[in-house]
Amino acid sequence: MMQCLEQLEEVNQAQVDELIRVSKEHPNPRVYEDCAAFSKQVRMVESFITTTYALTARMTRKSDDLEEISDAWKRMEGMCSRALEVLAKLKHQYPDCGTPELYDLVLDYKNASSDRHKGVQEEIACQDQELPDHLFQTQI
Amino acid sequence: MSGSGATGPLISDADLSHLAAAFDHYENALDPCSEIAIEAGREFDRVVHALYIEGCGKGMIENIAFETFRAKMRSVCRQYIRKNR
Numbered sequence: 001m002m003q004c005l006e007q008l009e010e011v012n013q014a015q016v017d018e019l020i021r022v023s024k025e026h027p028n029p030r031v032y033e034d035c036a037a038f039s040k041q042v043r044m045v046e047s048f049i050t051t052t053y054a055l056t057a058r059m060t061r062k063s064d065d066l067e068e069i070s071d072a073w074k075r076m077e078g079m080c081s082r083a084l085e086v087l088a089k090l091k092h093q094y095p096d097c098g099t100p101e102l103y104d105l106v107l108d109y110k111n112a113s114s115d116r117h118k119g120v121q122e123e124i125a126c127q128d129q130e131l132p133d134h135l136f137q138t139q140i
Numbered sequence: 141m142s143g144s145g146a147t148g149p150l151i152s153d154a155d156l157s158h159l160a161a162a163f164d165h166y167e168n169a170l171d172p173c174s175e176i177a178i179e180a181g182r183e184f185d186r187v188v189h190a191l192y193i194e195g196c197g198k199g200m201i202e203n204i205a206f207e208t209f210r211a212k213m214r215s216v217c218r219q220y221i222r223k224n225r
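Going line by line, the protein sequences match chains A and B.
Number 74 in this note's numbering belongs to position 74 of the first sequence; there are no gaps in the numbering.
This note's numbering runs 140 ahead of the 1-based position in the second sequence.
Derived pair list, reagent style DSBU-like, types lysine-lysine, alpha-carbon separation capped at 35 Å:
| hint | chain 1 | residue 1 | chain 2 | residue 2 |
| --- | --- | --- | --- | --- |
| 1 | A | LYS118 | B | LYS198 |
| 2 | B | LYS223 | A | LYS118 |
| 3 | A | LYS62 | B | LYS223 |
| 4 | A | LYS91 | A | LYS24 |
| 5 | A | LYS74 | B | LYS212 |
| 6 | A | LYS62 | B | LYS212 |
| 7 | A | LYS118 | B | LYS212 |
| 8 | A | LYS74 | B | LYS223 |
| 9 | A | LYS118 | A | LYS40 |
It should be emphasised that the hints constitute simulated quantities derived from the structure, not laboratory data.
A quick note: this is a predicted structure, and the numbers were derived from the prediction, not measured.
Please put together the full structure from these sequences, using the hints given.
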């Protein structure tokens, strides 16, 4: 799982770098071609973040290792944070090319990743604490 | 929740199945912004809170903070999902 996520982090960085490059090459959002080129890259980043999140959710569901699950969500949160840093600047430069909407979506995904990371950390912190046996009809 | 007095277990098999399904739909949602995922998260929190209150009221949970109980229930649901997938 970690090798896969490392690769995805590299691709994420490449997608975000490409967003910066396209913004420099097409700096005027009022020019149709500039907005179209930028919007295309916005869709690429959106697709990457949503797909990577889904993959992370699927991989963590299959894992038995809480540390591994925690690390996966931390990495997902980091990928969202790196995209948000760039989008925070670009959403003002391209207010009508889907950028503010992408910013909001990535922020939602970052918060979701953060919630899951925090939840797993809490599980790890009380791993040694046992619940009374009599709480459950059937022991897991 | 059992609702059957202080003698029975706090968490029946049906409770656990329901709780694990809510946890799965929330925690492992492919789209965390979907209505189903958000509603499942609320349901998980609602049921865990209700179980904690009931357990404390019946004296079945002692010296366990709510945050700890919630974290343990998350782990129990993970195990349940793994076992039943």
